[in-house]
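**Student:** In case you want the letters, here they are:
Protein chains: 2
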Amino acid sequence: MTVIKKVNLPDTEIPRQWYNIAADMPNPMQPPLNPATGKPASAEDLAPVFPMNLIEQEMSTERYIDIPGKVLEKLLLYRPTPLKRAYALEQHLQTPAKIYYKDESVSPAGSHKPNTAIAQAYYNKEFGIRRITTETGAGQWGSALSFSCALFGLECKVYMVRVSYDQKPYRRLMMQTWGGQCVPSPSPDTSFGRKMLAEDPDCPGSLGIAISEAIEDAVTSRDTRYSLGSVLNHVMLHQTIIGLEAQKQFAQIGEYPDVVVGCVGGGSNFAGLAFPFLRDKIYGKQVQVIAAEPAACPTLTRGPFAYDFGDTAATTPLLPMYTLGHNFMPPAIHAGGLRYHGASPQVSQLVKDRLIEPRAYDQLKTYEAGVLFARTEGQIPAPETCHAIAAAIEEAMKAKEEGVQKTIVFNYSGHGLLDLPGYAKYLEGELSGFALPEEEINRAIAAIAGLPGICTGE
Amino acid sequence: MTVIKKVNLPDTEIPRQWYNIAADMPNPMQPPLNPATGKPASAEDLAPVFPMNLIEQEMSTERYIDIPGKVLEKLLLYRPTPLKRAYALEQHLQTPAKIYYKDESVSPAGSHKPNTAIAQAYYNKEFGIRRITTETGAGQWGSALSFSCALFGLECKVYMVRVSYDQKPYRRLMMQTWGGQCVPSPSPDTSFGRKMLAEDPDCPGSLGIAISEAIEDAVTSRDTRYSLGSVLNHVMLHQTIIGLEAQKQFAQIGEYPDVVVGCVGGGSNFAGLAFPFLRDKIYGKQVQVIAAEPAACPTLTRGPFAYDFGDTAATTPLLPMYTLGHNFMPPAIHAGGLRYHGASPQVSQLVKDRLIEPRAYDQLKTYEAGVLFARTEGQIPAPETCHAIAAAIEEAMKAKEEGVQKTIVFNYSGHGLLDLPGYAKYLEGELSGFALPEEEINRAIAAIAGLPGICTGE
Chain E
4 MTVIKKVNLP
14 DTEIPRQWYN
24 IAADMPNPMQ
34 PPLNPATGKP
44 ASAEDLAPVF
54 PMNLIEQEMS
64 TERYIDIPGK
74 VLEKLLLYRP
84 TPLKRAYALE
94 QHLQTPAKIY
104 YKDESVSPAG
114 SHKPNTAIAQ
124 AYYNKEFGIR
134 RITTETGAGQ
144 WGSALSFSCA
154 LFGLECKVYM
164 VRVSYDQKPY
174 RRLMMQTWGG
184 QCVPSPSPDT
194 SFGRKMLAED
204 PDCPGSLGIA
214 ISEAIEDAVT
224 SRDTRYSLGS
234 VLNHVMLHQT
244 IIGLEAQKQF
254 AQIGEYPDVV
264 VGCVGGGSNF
274 AGLAFPFLRD
284 KIYGKQVQVI
294 AAEPAACPTL
304 TRGPFAYDFG
314 DTAATTPLLP
324 MYTLGHNFMP
334 PAIHAGGLRY
344 HGASPQVSQL
354 VKDRLIEPRA
364 YDQLKTYEAG
374 VLFARTEGQI
384 PAPETCHAIA
394 AAIEEAMKAK
404 EEGVQKTIVF
414 NYSGHGLLDL
424 PGYAKYLEGE
434 LSGFALPEEE
444 INRAIAAIAG
454 LPGICTGE
Chain Z
4 MTVIKKVNLP
14 DTEIPRQWYN
24 IAADMPNPMQ
34 PPLNPATGKP
44 ASAEDLAPVF
54 PMNLIEQEMS
64 TERYIDIPGK
74 VLEKLLLYRP
84 TPLKRAYALE
94 QHLQTPAKIY
104 YKDESVSPAG
114 SHKPNTAIAQ
124 AYYNKEFGIR
134 RITTETGAGQ
144 WGSALSFSCA
154 LFGLECKVYM
164 VRVSYDQKPY
174 RRLMMQTWGG
184 QCVPSPSPDT
194 SFGRKMLAED
204 PDCPGSLGIA
214 ISEAIEDAVT
224 SRDTRYSLGS
234 VLNHVMLHQT
244 IIGLEAQKQF
254 AQIGEYPDVV
264 VGCVGGGSNF
274 AGLAFPFLRD
284 KIYGKQVQVI
294 AAEPAACPTL
304 TRGPFAYDFG
314 DTAATTPLLP
324 MYTLGHNFMP
334 PAIHAGGLRY
344 HGASPQVSQL
354 VKDRLIEPRA
364 YDQLKTYEAG
374 VLFARTEGQI
384 PAPETCHAIA
394 AAIEEAMKAK
404 EEGVQKTIVF
414 NYSGHGLLDL
424 PGYAKYLEGE
434 LSGFALPEEE
444 INRAIAAIAG
454 LPGICTGE
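If you read the protein sequences in the order shown, they are chains E and Z. Oh and the first sequence: position 192 is 195 in the numbering used here, straight run, nothing missing. Oh and the second sequence: position 112 is 115 in the numbering used here, straight run, nothing missing.
Derived from the structure by calculation, the hints contain no laboratory data. Quick caveat, the model's predicted, so the values are computed rather than measured. Please note that the accuracy of each hint is not assured.
The list treats identical chains as interchangeable, and a pair is accepted whether it falls inside one copy or across any two copies.
Cut-off 30 angstroms, straight-line C-alpha distance, at most; resulting in silico cross-link-like pairs (DSBU-like, lysine-lysine) [to be verified]:
id : residue 1 : residue 2
1  : LYS9      : LYS101
2  : LYS288    : LYS251
3  : LYS428    : LYS171
4  : LYS42     : LYS284
5  : LYS9      : LYS251
In isolation and in its complexed conformation, chain E is listed as follows:
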């Protein structure tokens, strides 16, 4: 009872502003490019896809941006989230390190995704939009957006990769319970979908196809826009409430972390926790920031920095980022949310500037960490989150070897209650580690040699 295991922030202490790291980056961001002209993409380029108020946020360099009252009201349904101490895990590891985690799994959708879904639904509503389209793979993002649209009375249509639609019914059922419309992609509802179905009626779909359908639907329908759940600057912005809360919670107990950890797919949960701490680091604070990615998709640790498309179908502006190429197809690891060929341009730039240290973990190592966490702390983490736990455990063991006291915090980005089949396969010894072989990495890098701004030398 002497150990505090949870630090709660009262509702009245919820942050009132998001933090925009664009204001503090030591090297300014390179702009996204219009692939047709090769010139920086303009707000007008994006206007058919996103509402103008979100495009303004995407391009803003204001350091702090007010969170609208109606967004705060909905965030308060589950925020502030608790900062918890993994004391039982520490005891099991016999480490002198303290391990904290920010528990984003308490949101109704079970992950950090609603932090931006709520904001995006609000800004679309304010802009007069009545309907939002998006794509989803395993379903985390589609369910978060369906939930958020229900709160603001917006229609929501989710194009879900057909193979996931068939194999993972629970996420689809969540969307429907919140009133979202979820269809398997390719669908007969768009001309691109019809084209794909004509070529192959049994097409299993892909994220690239689903994005193309969702964007086509948005730009051809009345009062409709498209929404993206990661990668873009305004998504990182909305997620910073995680780190801003964590800083208040650490202040409450008179601590400050030595190590900050998050897992990275597109980068949003990582950025959400890390950016406020990176602000301090940019201004001289000693803090180590680790981005944990899958060895099956080692974008930040092995990919070149280049201008690449955000989607497989090559329809987006060119984004400056670490990438394995927009045609790269990662192995079928269970952490579906981390199977992305690129990464947030802001996160990429900060990795390039050596403010963030990327590390890759293979699937077996991450499940080992997840099962240990479940059997000590109780909660069963999402397979994506297991990457952050693996890195936190690695740091805690290093502290033990070195005999130093350290404070580690990681983002517990989501629970694994709808991802249990992966655990079963791990426990039955049926999983592979899926580290990407050297020749496949080289092949992926060679395939994008012609991209603008490519930079592999560092």
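Given the coordinates of chain E, work out where chain Z should sit on it, guided by the hints.
**Tutor:** Positioned in the frame of chain E, the structure of chain Z alone reads:
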């Protein structure tokens, strides 16, 4: 931002004692009977099944019982749980009533069940037991016990009704992730299971069969005892931490509820929230206490008060309770946790003494309440919890009609993330209300006319 939506209790404020309502009941409990002798069951009768320290709690009339430090340490993994205000639901209903809910879904197993599973695992360990057996239907209890056994290094074997084992793989996967052993019942692991399989190799199983297997395993194995997740006095006792926390949280905001609501199957989540408020009611406080049960299994609203067996196989002591008969088979509603023929003897006695008001809700009404809750408050409730929400909404609408300000609190006993197929069927219009027809109720009552102490007249 003027409305507080969550009342958190700091870790240091977690209650240090459970509340035992046996000390304050206006009419003392009738004792359980040994069915062979017809005399009150003794501690020795129960000793092969439960450890003696839990038997002592079962029979105790001490008002407050200290929570051991090691139990508190594990409860702190997720407790104190938040008291939340369903403000968006209030706004939707346009009611002057305030609706609060105690969120027990935040436990790693997703329900209130770990409150007693942790305590039972601890007491078994203290008594030198190394292995616990139990049965589970849909899997809520089996997963809570597996989780709790993992925390204390105990082995756990769960006999899961075969039809659920096959149809509901996610709960089984949770148990396995925590290291529990889960087998379909009937199993070849017990003589009773082998007998059932010999008669019918495709036997779908039942809770009655699974209980018989779990008890046989416990009484015939070394250092093994059996564990039950509801009905018994010590289970009600362990759950009172819910209501004790809620009282501290209401005190923190200077309020006291006018109406306290919980759903009832065996009675443990209801008792957990309600008993501390019933203590105040017994000593003169004005507070209405509502027990919400399914119209498909109207034990408290329609069953007689009698001595009946707790299990279908008629192996337990005779318990004094409202019952529809131990052979009664309720319709297959989705709220599997409320499909119990009897009810906690303590809850039954307090209903008999008119301190608790039972009400029955049909399945359609409860899903309607659950979907409204999901689309306003965000969280998707368990089908069992939907019964409590239906009653809370009924009271809120009554307050609106009467134009009176009221404070309502209900127990949000669990989330519905692993119960989504039921929502899908409701939304597709495929569900029935399943209110039990009058003739079936009469048939059930007639079938138990010979039980001792039967009392239908009231």
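**Student:** At 30 angstroms max between alpha carbons, let me know whether LYS9 reaches LYS251 within a copy, between copies, both or neither.
**Tutor:** Cα proximity of LYS9 and LYS251: in one copy and across copies (13 angstroms, 18 angstroms).
**Student:** With identical chains, the pair LYS42 and LYS284 could be close in the same copy or across copies; at 30 angstroms between alpha carbons, which is it: within, between, both, or neither?
**Tutor:** neither (33 angstroms within a copy, 74 angstroms between copies)
**Student:** Under a CA distance limit of 30 angstroms, which applies to LYS288 and LYS251: within one copy, between copies, both, or neither?
**Tutor:** within (16 angstroms within a copy, 40 angstroms between copies)
**Student:** Could you figure out if LYS9 and LYS101 sit no more than 30 angstroms apart (CA to CA) within one copy, between two copies, both or neither?
**Tutor:** For LYS9 and LYS101, the Cα distance is within 30 angstroms both inside one copy (13 angstroms) and across copies (27 angstroms).
**Student:** At most 30 angstroms between alpha carbons: which applies to LYS428 and LYS171, within, between, both or neither?
**Tutor:** Intra 16 angstroms, inter 17 angstroms, cutoff 30 angstroms: intra and inter.
Violation of the numbered hints given earlier is confined to hint 4; every other hint is satisfied by the structure.
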